[in-house]
Each structure stands twice: as structure tokens, then as C-alpha cells.
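Novice: Could you build the full structure based on these sequences and the hints that come with them?
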Amino acid sequence: MSDAITAEGLVKRYGEVTALDGLSFTVPQGTVLALLGPNGAGKTTTVRVLTTLLRPDEGRATVAGCDVVGDARRLRSSIGLSGQYAAVDEHLTGAENLEMIGRLYHLGARHSKARARELLERFDLTEAADRPVKGYSGGMRRRIDLAGALVADPPVLFLDEPTTGLDPRARAALWDTISELVAGGSTLLLTTQYMEEADHLADQIMVVDHGRAIARGTADELKDQVGGSRIELTVTDAAEMETARQTLARFAAGDMRTVPESLQITVPVTDGPEALRQVLGLLADAGVRVRDAGLRRPTLDDVYLTLTGHQASGTDSDSEAREAAR
Amino acid sequence: MNALTMPVADGWTIAKRNTLKIRRSPDLLGSAIMFPIVFVLMFAYVFGSVIHVPGMSYREFLIPGIFVQAVLVSAQVTGYTLTLDLQKGIFDRFRSLPMAPSGVLIGQTVSDLLMNLASLVVMAVMGLIVGWRVHTAPHEAVLGFGLLLLFAYAFSWFTATVALALRTPESFNNVATTLSFPLMFVSNAFLDSSALPTPLRVVAEWNPVSTITQGVRELFGNTSAAMKTADAWPLQHAVPASLLWIAVILVVFVPLATRLYKKAVSA
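In order, the protein sequence lines correspond to chains A and B.
For what it's worth, the UniProt record's numbering labels the leading residue of the first sequence as 1, then goes sequentially.
For what it's worth, the UniProt record's numbering labels the leading residue of the second sequence as 1, then goes sequentially.
Mixed in with the good hints there might be a few duds.
[What the hints assert, rightly or not] Not close to chain B: a few residues of chain A, all C-beta gaps over 10 Å, as computed:
{"id": "1", "residue": "T52"}
{"id": "2", "residue": "I79"}
{"id": "3", "residue": "G83"}
{"id": "4", "residue": "Y105"}
{"id": "5", "residue": "H106"}
{"id": "6", "residue": "D130"}
{"id": "7", "residue": "G254"}
{"id": "8", "residue": "D255"}
{"id": "9", "residue": "P260"}
{"id": "10", "residue": "E261"}
{"id": "11", "residue": "T266"}
[As the list claims (entries may be wrong)] Rough simulated footprint, nothing fancy, chain B against chain A, three-plus residues with beta-carbon under 8 Å:
{"id": "12", "region": "14-20"}
{"id": "13", "region": "66-78"}
{"id": "14", "region": "95-104"}
Just so you know, these hints were derived from the structure itself, not from any lab.
Values in this document were obtained by computation on a predicted structure and should not be read as measured data.
Note that the Cβ used here is the ideal one computed from N, Cα and C, for glycine as well.
Specialist: Spelled out as C-alpha cells, the structure:
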């Protein structure tokens, strides 16, 4: 099986900020790779380099066998891109938008028209086909945008945060659509800030932070990488946090995470049940009143936190703080 | 499709898209139709009642100047629309498609030219109502409108370049207004520029807006023997000088705008 996408040492700088810092990866044909990371991690820059919108400062990349710099025009015939925000024309109808895209892929007038109708039907937009996109709901816009990426039936697809800003129901519906697509054999590079999304759609997940790949594997592999189970403990009084921390530290198999506002401590442990039993015993002896305690498997959030040292589900203030820190 | 037919085909696809857009957003069409009406009425009646030019009615003198002003303003729609598209991310889509890089700009400028044509027609009708007349042969009058449209088209590429360099609608509007006012008013479009103080007069005589205005006046026959044309070369040879200006603008700004477009990633 050959690689549909290859990237070797991609570097992209914007003045002082290094958006991509020597990123390398490959995506085998017919598979789905999710780039997972917070805002500002370099996901969108990666997609822009691979779709020829940006030239890399260093490194090289190919998509469907075409070099992103030297063979850009031919490359563009083999890809479909759906962006972070719906890149369709609001004043045109759904059908007109898709037809226009077909014409710009040079599919010819008749074929473009037929393809537009076909996709509208497939994305359940037939009823809205002749209404301007302006009146579409958020989920419908994402669908028409996604349909736009499929007009030329390209072998390689790029979806940049396809469900950001959608409500949970629309997100689940879009996931189904994307899963069907992928089942058809397309290669897909997906970016997302949502663990769940990567887990749901991707064969492989690559965790990106500050323009570097910091881990890659299947969801299970990544979870295993972070080790066994976790004890999650909540105390009743802030004064008891320190004692609880010290007690838990004796069992820690990795970095301990404390959330002072919710009086919560999470710590990875080896032999979970035994550790939990002992911790509870020790805390009872020390007179610490435990409000809640439990054992759980690592989530991708834990993976993320362990790998990067910061929270994943990129709240804006979080990423802004990091931007400011640069 | 080869390197020559592709920009044309893609430009046509984009022009169709823009024309549909214009039809569906009445505010754009409204401004293209309403502005000229307001301009003609305001200048003809307000300025016309206080300004006098030797040997002819001020309105006859004025209307060609207003034509030029109107195309100058309408051509800014090109730049403004591009900044809006830049913000909406549709450029990312266009740029990821195997289309000609100049296609988007060709389509945009061509559809704006159609809008300019519409507003010229409205303005000509308004001009006729307030007393403007063509005194030359029909073919010369046609050439006059042709010159206006050519200038409008070339100027669209200039505003496209400015827009792609500035990238946001707000900054584009600021710069466009700041640039177009002196361009319009330090010229012979509304006044007999020979009456200006020397430094301003020299600027006005070499201002491309003056050249085009003079060229259009000559082609429509809205000139008077009583009013001497300035000695500056572009005004003495207004029609060829206008064509030269148009050629220079196109030669400089078509490649420049295309280059900026290739780098323009949505914000």
C-alpha cells in the first residue's frame, strides 16, 4: 500500500511564531489520519501547506504523488478541501455552489450539473438545493461545504475541523456522513480539537503541539502509552488537599493533576484496585473526608495532558494565553 | 484546457457567480443605480447653480466628469468585494481548486464592468434629462463610453491590488476614500482646472482622471472653444493619453494583483 500523503520536515514561520516546526508524517492510501491538537498547534497550517495554499519555508510534501510546490496545479485536481468555516457562497443556492465548483474542476457543464444534483441528494439537501445558502442551518452549511470537497470525487480529502461549532446532534450526523465517505476508500486527513472525534473517525491519530508531532498511534495505542488506570479523588475541604496530594503521590505512576477549584486530584497508578483500597484507608486514618473517589481508564484527554502538559479541548483563553506567551 | 483558455473559462464561471450575487444582493445593485442618480442631481443643481464655465453650460461640462467619478467609485466595488471574500474563506476553496490563478480576478473585474455599464446607462439617461447632450457623431459617442468602460476595467484591477494588499474591508474603505477624493477633486472633472493655484494646477493637469475626463469630453463634444485646453501633453492629446494610462494600469496591476491573489490566504 503506498502513501497518499507524505510530509518531511515541514517548517512554516510567521515572523516570530513557528507554526510548523519540522513536521513529518505519512498517510497510507485509503486510511484516515486525525491531527489532534488545540488552537494554534499547527493543524490548519499543515492542511494549508498540503493543499498548496501556503508554501512551506522548509521541508517537502507530496499529495497523491504530486509535490506541493512543484506540481501544485496537478495536485489540486486530486484533492478536496473543506475548511474550518463553510467556504461556500452565501448568495448562491446549494446547487449553484456545487455546479460552480464542478466547472472550476473543469468537469464540463453537463457533468457539473449532474454531479451537483447527485451530491445534494446524497447529503440530504435536495429540498434546499435551490435556496440561497444564506438561509441554511449550521449543519446544512457544513454538509454543502463537505459536498463541495467531493465534487470531483478526489482520491485525497482534507477536512479542517469539520464539526467545530456544531451542536452535538449535527456533529453526530456529520460523523456518520464522513464515516460513509471513508468506507468508500478515500484517503482522509482530518484535523480536530475533539478527542472523541478523532477516536470516532480516524485509523491513526497524530497529536500535534507547537508545530511538532508528539505522538502517533491508534486511539488504543495512545491510551496504552499513558499507562493503566487513574484514581480520581475529590475531597470535601480545601485544607485537606495537601494531605490528599501527599498520600496519592506515594502511588503515582505518572504526573498528578490537581484541580483546586473542584478539590479534585487525578493520578495515574499501576495496580488500580489495590492502590485505591490503600489510598482510601490511608486517607481515612489521616482524617481526610473524601467526597468522591473512583477508578477509571485513561481517556484521550489524559493522553493529551500527559504528552503536552496542558489541557486539550482548547478553550480559547487557553490558546490565547499560549499565543501571548510566545 | 490550456494556459490561454483556462483563465477565460474560469473567469467566466466566476463572473457568472458574481452576477448572480449582484442580482441577489440588492444593496450592491442599489448603490450602482442610486449613486449616479444622486450624483447627477446634486452636482447639476447644487454646483451647477454657482459654477459657470466659459462658452457652455456647466451641466454639459460636468456630466463627463461625473461619468468618470462614477466609474472610479464603482470600480472600488471590485476591491471591496474581494476583501469580503477573503474574510469568508471562499478564497481557500478557490485556491485549492485546479483553476487558473487569474480566474477569480478576471471574473470579478468582468462582472464589475457589467455593473459599471448599468450605472453608466442610468447616468447617461439622467444626464439627458438634466440637459446634457452629445454633439459628436454616434461612433464617437460610442468610443466615449468605450473609453469610460476601459478605464473602469483597468481601475478595477488597481482596487483589486489595493484590496489584496490590505485584506480587510475596513482598511480598504479607508484607503480607497482617502485616495479617491484627491484623485477626483484635484482634477478638471468638476472645475476648470486652469483656475487652480499653480502647484494644484500642475497636479490636476497630470492627474489621469483629468486626462480621461478631457478625452471623454472631446468624444462627446462637451468642449468649448472659449475654454482653452491646458498645455500639458496628456490634456492636449487626451484620447491617446487616456489609452496609454489604461494600458499602463493594466500592465502593472494585472500581474501584481494576480501575484497577491496567489498568496492571499483567508484570515
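Novice: All the hints need checking, so say for each whether the structure fits it.
Specialist: Going down the list of hints, with the structure as the test:
1. T52: Answer for T52 (chain A): violated, closest chain B Cβ roughly 7 Å.
2. I79: 7 Å, violated
3. G83: 5 Å, violated
4. Y105: Violated: least Cβ distance 6 Å, not greater than 10 Å.
5. H106: 6 Å, violated
6. D130: Per Cβ check, D130 (chain A) is outside 10 Å of chain B; nearest 12 Å; holds.
7. G254: 40 Å, holds
8. D255: Given a closest Cβ separation of 37 Å, the condition holds.
9. P260: Non-interface label stands for P260 (chain A): nearest chain B Cβ at 38 Å, farther than 10 Å.
10. E261: Consistent with the label, E261 (chain A) stays out of reach of chain B, its closest Cβ about 35 Å off (over 10 Å).
11. T266: 38 Å, holds
12. 14-20: Violated: only 0 residues of the region 14-20 of chain A have a Cβ under 8 Å from chain B.
13. 66-78: Satisfied; 4 residues make the cut.
14. 95-104: Since three or more residues must qualify, the claim that chain B covers the region 95-104 of chain A holds, with 5 doing so at under 8 Å.
Hint violations for this structure: numbers 1, 2, 3, 4, 5 and 12, all remaining hints satisfied.
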